[in-house]
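Using the sequences and the hints, build the whole thing.
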Amino acid sequence: MNEAAPINAVMRALADPTRRAVFERVVSSDEITVVELTRGSGVTQGAISQHLKALKQAGLVAERPEGRKVYYRAEPDGLEPLVDWMSHYGVFWRERFANLRTLLKEIDP
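Be aware that the sequence shown starts at 1, since it is given in the UniProt record's numbering, and climbs by one per residue.
Take these hints with a grain of salt, some might be off.
Derived DEER-like restraints, expressed as beta-carbon distance ranges [stated by the list, open to error]:
id : residue 1 : residue 2 : range
1  : V27       : L103      : 39 to 47 angstroms
2  : G42       : S87       : 31 to 39 angstroms
3  : K105      : Q57       : 47 to 55 angstroms
4  : Q45       : F92       : 38 to 46 angstroms
5  : P17       : D108      : 37 to 45 angstroms
6  : D77       : Q50       : 18 to 26 angstroms
7  : I107      : D77       : 39 to 47 angstroms
8  : S29       : F97       : 43 to 51 angstroms
These are computed hints drawn from the structure, not numbers from a lab.
Computed from a predicted model, the values in this text were never measured in an experiment.
Using N, Cα and C, we set each Cβ at its ideal position, and we do this for glycine too.
So this is what it looks like as structure tokens:
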């Protein structure tokens, strides 16, 4: 169950389309503030802050306070549980496709 907790947190955090959009904007910036994320997003500053809180709890973003501003940046290691999970299933599907390819060659040489 402990091994499932990180992947569940990451998937839960990225399941929301608005939160994914916020995460993508953070990833595409070196560092970005809530105010910058709010501009042009069509989402309130409070909502952006809540999305950032969820992303931070999932380990996907980190914050750096400087004076009255807080700068957010992507935390690459936060995606590791998702990458590990996808790698596991990638092996599963590669094996299945290899078996299918072999079977198709046997059926129609």
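Go through the numbered hints given earlier and state which of them the structure violates, listing their numbers in rising order. 8
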